[in-house]
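Trainee: The residues making up each chain are set out below.
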Amino acid sequence: MIPELGHFALIAALVVAILQAAVPALGVVRRDRRLMAVAGSAAQTQFALIFAAYLCLSYAFVTRDWSVAYVAANSHSDLPLVYRATAVWGAHEGSMLLWMLMLSGWSAAVSVFNRRLPPDLVATALAVLGALSIGFLLFILLTSNPFDLNFPVPEDGRDLNPLLQDPGFVIHPPMLYMGYVGFSVAFAFAIAALISGRLDAAWARWTRPWTTTAWLFLTCGITLGSWWAYNELGWGGWWFWDPVENASFMPWLVGTALIHSLAVTEKRDQMKAWTVLLAILAFALSLLGTFLVRSGVLVSVHAFATDPARGVFILTFLAIVLGIAFTLYAWRAPKFVSQADFALFSREGLLLLNNVFLVVAATAVLLGTLYPLVIDALNAGKVSVGPPYFNAVFIPLTAPLAVLVGFASAVGWKRAKAREVWKRMRAPAAIAVVLGLALPWLLGHPTKLVAIAGGMLALWVIVTALQEIVRRVRARRDRLQGLTQIPRAVWGMTIAHLGLGVWVLGISFVSLYSVEKDVRLGPGQAATLSGYDFLFQGTEPRRGPNYDADHGTVEVRRDGRTVATLTPEKRLYHATGQLMTESSVDHNALRDLYVALGEPIDKNNAAGDWALRVYYKPMMRLVWWGGFIMAFGGLVAASDRRYRLAKLREAATSGAEAAA
Amino acid sequence: MTKRQKRMVAVAALVAGLALAAVFGFTAFRKNMMYFYTPTDIVEHKVAEHARLRLGGLVTVGSLKRGEGLNVEFTLADCEKSLPVRYDGILPDLFREGQGIVATGQMKDGTFVADEVLAKHDENYMPPDLAKSLVTADGKHSCAPFKSVMRAAG
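Which chain is which? The protein sequence lines are A and B, in order.
So the first sequence is numbered by the working numbering: it starts at 3 and just counts up by one.
So the second sequence is numbered by the working numbering: it starts at 135 and just counts up by one.
Calculated directly from the structure, the hints in this document are not laboratory data.
A virtual CB, placed ideally from N, CA and C, is assigned to each residue, including glycine.
Hints are not guaranteed to be accurate.
[As the list claims (entries may be wrong)] Simulated crosslink set (EDC-like; lysine to aspartate or glutamate; CA at most 16 Å straight-line):
| # | chain 1 | residue 1 | chain 2 | residue 2 |
| --- | --- | --- | --- | --- |
| 1 | B | LYS140 | A | ASP343 |
| 2 | A | LYS416 | A | ASP271 |
| 3 | B | LYS137 | A | ASP343 |
| 4 | B | LYS242 | B | ASP222 |
| 5 | B | LYS215 | B | ASP175 |
| 6 | B | LYS242 | B | GLU202 |
| 7 | B | LYS199 | A | ASP343 |
| 8 | A | LYS519 | B | GLU207 |
| 9 | A | LYS425 | A | ASP480 |
| 10 | A | LYS416 | A | ASP594 |
| 11 | A | LYS519 | B | GLU250 |
| 12 | B | LYS199 | B | GLU178 |
| 13 | A | LYS519 | A | GLU470 |
| 14 | A | LYS337 | A | ASP271 |
| 15 | A | LYS384 | B | ASP222 |
| 16 | B | LYS242 | B | GLU183 |
| 17 | A | LYS269 | A | ASP202 |
| 18 | B | LYS215 | B | GLU178 |
| 19 | B | LYS199 | B | GLU183 |
| 20 | A | LYS337 | A | ASP202 |
| 21 | A | LYS519 | B | GLU183 |
[What the hints assert, rightly or not] Estimated spans, in silico, between C-beta atoms of each pair:
| # | chain 1 | residue 1 | chain 2 | residue 2 | range |
| --- | --- | --- | --- | --- | --- |
| 22 | A | LYS519 | B | ARG141 | 49 to 59 Å |
| 23 | A | VAL84 | B | ALA185 | 40 to 50 Å |
| 24 | A | ALA401 | B | GLN139 | 23 to 33 Å |
| 25 | B | LYS242 | A | ARG545 | 37 to 47 Å |
| 26 | B | GLN233 | A | GLU157 | 20 to 30 Å |
| 27 | B | ARG164 | A | ARG32 | 52 to 62 Å |
| 28 | B | ARG230 | A | VAL155 | 30 to 40 Å |
| 29 | B | GLU202 | A | THR318 | 51 to 61 Å |
| 30 | B | GLU202 | A | ASN590 | 42 to 52 Å |
| 31 | B | GLY196 | A | PHE328 | 52 to 62 Å |
| 32 | A | GLU542 | B | ARG230 | 23 to 33 Å |
| 33 | A | LEU468 | B | LYS199 | 35 to 45 Å |
| 34 | A | VAL84 | B | GLU214 | 43 to 53 Å |
| 35 | A | TRP424 | B | LEU154 | 25 to 35 Å |
Using the sequences and the hints, build the whole thing.
Mentor: Right, dumping it as structure tokens:
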């Protein structure tokens with residue numbers, strides 16, 4: 003009964019989505035306010051229906067309703083409750099439902115929070131979102147319905163993929179999807195601007211908080227994904243340049259460029275056509291990512307759906323959406339060329355450079371991701387492009403970005419004076435150079451040129467970010483007032499840049515100073531690396547809720563003193579018969595000690611020898627902290643009061659303009 | 135500078151950036167592109183030694199031998215030919231005799247020396263590259279010669 007209700011809710015949502023796309027569009031053409039107003043209530047109704055469908059599926063999971071094929075395929079009676087509730091997005095069909103929930107959620111949010119925008123703009127944007135909903139709902143209903151029934155009903159489910167039974171999995175996909183789908187709002191606003199021909203500073207101000215919010219979720223999602231992979235895949239990697247990771251990273255790069263170009267559009271009324279193009283591209287890459295992951299063309303950990311019909315559907319959908327968007331862009335964008343003066347050595351000039359680097363980096367990632375697919379499609383052989391390619395391209399492209407970030411607040415809009423900038427920048431530059439040189443030595447690492455360069459870049463970004471706050475505090479006689487008067491937008495930028503610095507520092511050190519050893523140890527034997535002795539004390543059998551485990555104990559000592567006791571596990575999940583490696587990590591800000599059980603050397607070996615991965619990873623945590631700090635910066639920036647106040651004012655002025 | 139000149143500078147910067155990226159991209163590509171082969175390809179066509187490549191096949195039942203430390207040797211086969219593989223490291227959780235794997239490495243004196251071995255996260259899962267190469271002319275996954283090898287071994 004409940005699954006049928008869910009299915010019905012999805013069909014009803016499709017009908018509402020058609021209304022949401024068609025009626026407001028008609029209203030815009032006829033300039034009929036009443037028809038335009040349908041958009042908001044339709045968006046909210048659609049959200050309610052999809053949320054209902056989502057609840058139905060969750061209910062089926064929680065109550066172990068094996069008559070639903072999707073539930074039976076991805077759950078099991080022994081699965082703990084938290085994983086039963088989150089198994090909804092454990093595979094393809096449910097993920098698409100989650101995607102739809104996000105899309106309708108964003109649409110409803112637009113209808114609620116943008117009541118003060120010009121009605122035709124909101125109506126157009128919501129119609130665009132409605133059209134996207136139609137596509138995705140059709141996709142779900144036609145190719146991947148999570149409510150399809152099973153007959154005969156199996157006795158038990160086939161269990162959730164053990165890889166996904168991890169706390170990281172509970173929040174990673176929703177965060178990622180919030181970000182992915184969030185770019186649809188920027189996309190819808192961009193299309194609305196192209197259609198209405200109204201693209202001004204006010205438009206940029208409306209779009210900014212939405213884009214920043216989507217970006218911060220995407221940042222969190224990617225960071226969580228990296229953390230999850232590190233804990234769960236059992237070999238201590240935190241970024242693989244896996245096509246699916248790239249699929250989320252490309253929209254992130256373009257989204258980051260978009261956030262910055264929106265700033266130029268808002269403050270200087272420039273780079274307008276470019277901003278619109280980025281908004282389209284960011285969403286295009288999100289869609290492309292969905293296509294890559296869902297079509298089964300990829301060889302990847304994540305590519306669980308391998309149904310060509312789905313791939314063809316999404317590819318067609320992608321072609322239609324982008325075809326329309328780019329045609330519209332080619333037709334309307336020439337209107338938006340601004341005539342204002344544009345100096346290269348100014349904030350907008352440097353932001354343009356930042357955009358160039360980010361977009362080129364995204365292109366390089368795209369090339370590496372798509373090239374093997376194209377070669378395969380042309381039947382010219384099977385190739386793969388490994389991480390060395392991405393590292394070789396990506397690092398030289400992003401290093402200049404870190405240099406640019408340091409100038410973020412010192413170089414003013416319009417035109418900057420080189421001498422003043424130099425006066426402000428020389429102290430941070432000196433600190434970065436000196437401290438960067440000393441850093442490996444201070445932390446007891448051998449001197450490596452690349453690590454020094456990375457450390458310098460990171461410190462440069464961090465120190466210049468802090469300097470801006472100090473400067474603003476000092477500018478007032480009352481220091482406390484100086485601190486509280488700093489607008490949230492500035493705080494947001496500073497925090498996000500600080501996060502970038504932390505991130506660069508983490509990546510530089512963990513990439514260059516990690517020590518990774520695969521060793522064979524018997525109980526009582528020890529391996530030594532980087533001054534730590536890893537003493538293996540053997541394994542003992544243990545029973546979990548839905549698995550059996552070999553529970554290992556490794557004592558880590560430094561100078562004879564016990565630093566940590568690590569307990570890695572090798573689990574055999576009953577339902578799937580799948581082996582899983584559960585790593586164990588001891589961490590602080592400066593280093594991670596990572597141990598994972600590889601395999602018993604010989605099942606008949608009485609000595610109980612195991613193959614173990616034993617890693618020492620300096621500053622590993624900083625990579626994730628950096629990501630979360632960036633996301634927090636986005637949160638602070640998006641909450642700036644200015645956006646809310648400005649909306650009121652803009653609405654008033656544009657209303658007056660319309661009247662005139 | 136006039137407005138026109140500035141625009142030219144901006145365009146030049148953009149072009150320079152793209153050119154730089156292209157240069158990085160293509161050098162990195164040439165170095166890091168790896169082709170996928172099956173044992174038959176290698177035995178018959180003689181792949182150059184020291185060229186890095188990916189080798190896919192099924193692990194012959196009963197061929198796994200452990201050596202000193204973490205050294206392992208096993209035989210990787212497709213429908214027709216088989217090839218000895220040497221690997222020093224930890225085999226993935228899903229590595230099992232009779233299962234499909236993909237190894238990355240290079241040929242050395244008639245042995246494939248792997249530095250990475252991948253098995254996928256599903257019992258019934260075949261790496262797509264491998265699955266495709268095992269399909270016969272009539273489009274079926276029949277691999278009779280290989281199965282007979284397995285039966286003989288098992």
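Trainee: Does the Cβ pair A/LEU468, B/LYS199 satisfy 35 to 45 Å?
Mentor: Distance hint for A/LEU468, B/LYS199 is violated at roughly 59 Å.
Trainee: A/LYS425 and A/ASP480: Cα distance at most 16 Å?
Mentor: Roughly 24 Å between the alpha carbons, so the hint for A/LYS425 and A/ASP480 is violated.
Trainee: With the threshold set at 16 Å, check whether the alpha-carbon distance from A/LYS519 to B/GLU183 stays at or below it.
Mentor: violated, 27 Å
Trainee: With respect to the beta-carbon atoms only, verify the hint that B/GLN233 and A/GLU157 lie 20 to 30 Å apart.
Mentor: Distance hint for B/GLN233, A/GLU157 holds at roughly 27 Å.
Trainee: Would you say the C-beta atoms of B/GLY196 and A/PHE328 sit inside 52 to 62 Å of each other?
Mentor: Cβ of B/GLY196 to Cβ of A/PHE328: about 58 Å, so the range 52 to 62 Å holds.
Trainee: Check whether the Cα positions of A/LYS519 and A/GLU470 lie no farther apart than 16 Å.
Mentor: Violated: A/LYS519 and A/GLU470 sit about 43 Å apart, past 16 Å.
Trainee: Taken at face value, is the distance from the CA of A/ASP343 to the CA of B/LYS199 at most 16 Å?
Mentor: violated, 73 Å
Trainee: Is the hinted pair B/LYS199 and B/GLU183 satisfied, with a Cα-Cα distance of at most 16 Å?
Mentor: violated, 24 Å
Trainee: Between B/LYS215 and B/GLU178, does the CA-CA distance stay at or below 16 Å?
Mentor: Since the Cα atoms of B/LYS215 and B/GLU178 sit roughly 9 Å apart, the hinted pair holds (cutoff 16 Å).
Trainee: Starting from the range 40 to 50 Å, see whether the pair A/VAL84 and B/ALA185 falls in it by beta-carbon distance.
Mentor: With a Cβ separation near 48 Å, A/VAL84 and B/ALA185 satisfy 40 to 50 Å, so the hint holds.
Trainee: Taking only the CA atoms, is the gap from A/LYS416 to A/ASP271 under or equal to 16 Å?
Mentor: Given that 16 Å is the threshold and the Cα spacing comes to 11 Å, the pair holds.
Trainee: Please test the hint of 43 to 53 Å on the beta carbon pair from A/VAL84 and B/GLU214.
Mentor: Given a distance of about 49 Å, which is inside 43 to 53 Å, the answer is holds.
In this structure, the earlier hints numbered 6, 7, 8, 9, 10, 12, 13, 15, 19, 21, 30, 33 are contradicted, and the remaining ones agree with it.
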